[in-house]
Amino acid sequence: MELEAAKMIGAGLAAIGVIGGGVGVGIVFGNYMTAASRNPSLKDELRTYAFLGFALSEATALFALVIALIILFT
Amino acid sequence: MATEANNPMEQFEIKSIIDINVSGYDISFTNSAAFMFAAVACTFLLFWTATRRRTMVPSRIQSVGELMFEFVAGMVKENVGKEGMKYFPFILTLFCFILFGNVLGLLPLGHSSFTFTSHIIVNATLAIFIFVAVTIIGFARHGLHYLRLFCPEGTPLPVAIVLVPIEIMSYFIRPVSLSLRLFANMLAGHVLLKVLAGFIISLGFFGIVPFIAVSAVTLLEIMVALIQAYVFALLSTIYLNDAVHLH
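From first to last, the protein sequence lines stand for chains A and B.
Here the first sequence stands for residues 66 to 139, where the numbers follow my numbering.
Here the second sequence stands for residues -5 to 241, where the numbers follow my numbering.
One chain only, chain A, in its complex shape (with noise of 0.2 Å):
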C-alpha cells in the first residue's frame, strides 16, 4: 500500500509541470488579443502564429501530464 500512495503523490508531483502550460497558453493568448484589438486588420495573419505558440507551449505542459499518467497507471 505504500507503494501505491508514493505512486499517487509522485503523479501529482508530476503533475505541477502543467502550471507552466497554463501560464504559457494564456500569455500566448492574451498577447494575441492585445496584438489582435491594436490592430484588427492583421487578425487572420496573426491566428495562425497564436495557435502555433499555443501548440508548443501546450506541449511541454502535456509532457509533464504524459509523466504523472504513466507514474499513476504502470
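Take the hints with a grain of salt, since some may be wrong.
Straight-line Cα separation of at most 20 Å, SDA-like style, residue types lysine to any residue; simulated pairs [as the list claims (entries may be wrong)]:
| # | chain 1 | residue 1 | chain 2 | residue 2 |
| --- | --- | --- | --- | --- |
| 1 | B | Lys71 | A | Arg112 |
| 2 | B | Lys188 | A | Ile135 |
| 3 | A | Lys72 | B | Val189 |
| 4 | A | Lys108 | B | Ala67 |
| 5 | B | Lys76 | A | Glu110 |
| 6 | B | Lys71 | A | Phe138 |
| 7 | A | Lys108 | B | Gly68 |
| 8 | B | Lys76 | B | Thr87 |
| 9 | A | Lys72 | B | Ala32 |
| 10 | B | Lys9 | B | Ala32 |
| 11 | B | Lys188 | A | Leu134 |
| 12 | B | Lys71 | A | Val131 |
| 13 | A | Lys108 | B | Pro2 |
| 14 | A | Lys108 | B | Ala32 |
| 15 | B | Lys188 | A | Val131 |
| 16 | B | Lys188 | A | Gly77 |
| 17 | B | Lys188 | A | Ala76 |
| 18 | B | Lys188 | A | Phe138 |
| 19 | B | Lys71 | B | Phe84 |
| 20 | A | Lys72 | B | Met3 |
| 21 | B | Lys71 | A | Asp109 |
| 22 | B | Lys71 | A | Glu110 |
| 23 | B | Lys71 | A | Leu111 |
| 24 | A | Lys72 | B | Ala182 |
| 25 | A | Lys72 | B | Ala67 |
| 26 | B | Lys76 | A | Thr113 |
| 27 | B | Lys71 | B | Met50 |
Think of the hints as simulated: they come from the structure by calculation, not from any bench.
Could you slot chain B onto chain A? The hints should help.
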C-alpha cells in the same frame, strides 16, 4: 479505489472484432481499425456528396467541402508557398483523417466508443512518416546543403558550438512532440470526461454540478479535437517549409 468497471483508462482498450491470425502474427480487425475505416469513410462521403452536384452557388454540403478545402489550401499556400501545393493533397488527407478520428471518438457510443488518435502508436506512425518524408524532400531538393538547417549562414563559431546540438536535437524531437501532443490531448480530455461523468451518479442530487461541467468540457473537447487536427496539419506544413525553403 476505482473498480474495473469505471476505470477511466478502460475506454482506450483495443478489442478485437474479427480475429485474424496469420502465421503467428495477430492482425485482427480491431475497434481501432474500425474507427479508422469510419474516419476514411466519413471523409470520402463528405467530399463525394460535396462535389457530386457542383453548382456556382454552393449548396450547404458543398460549401462545407469548399470551406475545408480552402482552409487547408490557404494554410499550405501561406506557409510553404506555390511549391508546396504539390504536397497539398497529403496535408488535406492528414487533416481530414485526424479530424474525423478526433470527432468520431467523441460520439457517445457507450462501451464501443473509441478514439484511435488517443493511441500513441497511431500518431507516431503518422509523425514518423512526416519526419522521414520531410528529411527525404529536404535532401532531394538541397543535397548536402540541407545540413545548413542546423547551422544557419553567418553564425559565429562560439554560437555555433551551442546552437548546432540544440538544432539537431530539436529536429529529432519533432516526431516525438508531434505525436505526443495529439496523444496527450486526446488522452487527457477523455480521461477528464470519464472522471467527471463518474461523479454524476455518486453525488445523487448534487450530480447536476458535474453534469453541467461534463457538458461544458464536451464542448471544450470538440474545440480541442478541431484545434489539434489543425495544429498537426499546421506543424507538418511548417516542417515541410523548412525542407522546401531551408531557413
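Structure-based check of each hint:
{"no.": "1", "hint": "B:Lys71 - A:Arg112", "result": "15 Å, holds"}
{"no.": "2", "hint": "B:Lys188 - A:Ile135", "result": "18 Å, holds"}
{"no.": "3", "hint": "A:Lys72 - B:Val189", "result": "19 Å, holds"}
{"no.": "4", "hint": "A:Lys108 - B:Ala67", "result": "19 Å, holds"}
{"no.": "5", "hint": "B:Lys76 - A:Glu110", "result": "18 Å, holds"}
{"no.": "6", "hint": "B:Lys71 - A:Phe138", "result": "43 Å, violated"}
{"no.": "7", "hint": "A:Lys108 - B:Gly68", "result": "15 Å, holds"}
{"no.": "8", "hint": "B:Lys76 - B:Thr87", "result": "19 Å, holds"}
{"no.": "9", "hint": "A:Lys72 - B:Ala32", "result": "38 Å, violated"}
{"no.": "10", "hint": "B:Lys9 - B:Ala32", "result": "16 Å, holds"}
{"no.": "11", "hint": "B:Lys188 - A:Leu134", "result": "15 Å, holds"}
{"no.": "12", "hint": "B:Lys71 - A:Val131", "result": "34 Å, violated"}
{"no.": "13", "hint": "A:Lys108 - B:Pro2", "result": "39 Å, violated"}
{"no.": "14", "hint": "A:Lys108 - B:Ala32", "result": "36 Å, violated"}
{"no.": "15", "hint": "B:Lys188 - A:Val131", "result": "17 Å, holds"}
{"no.": "16", "hint": "B:Lys188 - A:Gly77", "result": "19 Å, holds"}
{"no.": "17", "hint": "B:Lys188 - A:Ala76", "result": "19 Å, holds"}
{"no.": "18", "hint": "B:Lys188 - A:Phe138", "result": "15 Å, holds"}
{"no.": "19", "hint": "B:Lys71 - B:Phe84", "result": "14 Å, holds"}
{"no.": "20", "hint": "A:Lys72 - B:Met3", "result": "17 Å, holds"}
{"no.": "21", "hint": "B:Lys71 - A:Asp109", "result": "15 Å, holds"}
{"no.": "22", "hint": "B:Lys71 - A:Glu110", "result": "13 Å, holds"}
{"no.": "23", "hint": "B:Lys71 - A:Leu111", "result": "16 Å, holds"}
{"no.": "24", "hint": "A:Lys72 - B:Ala182", "result": "18 Å, holds"}
{"no.": "25", "hint": "A:Lys72 - B:Ala67", "result": "47 Å, violated"}
{"no.": "26", "hint": "B:Lys76 - A:Thr113", "result": "18 Å, holds"}
{"no.": "27", "hint": "B:Lys71 - B:Met50", "result": "24 Å, violated"}
Consistency note: the structure conflicts with the earlier hints numbered 6, 9, 12, 13, 14, 25, 27.
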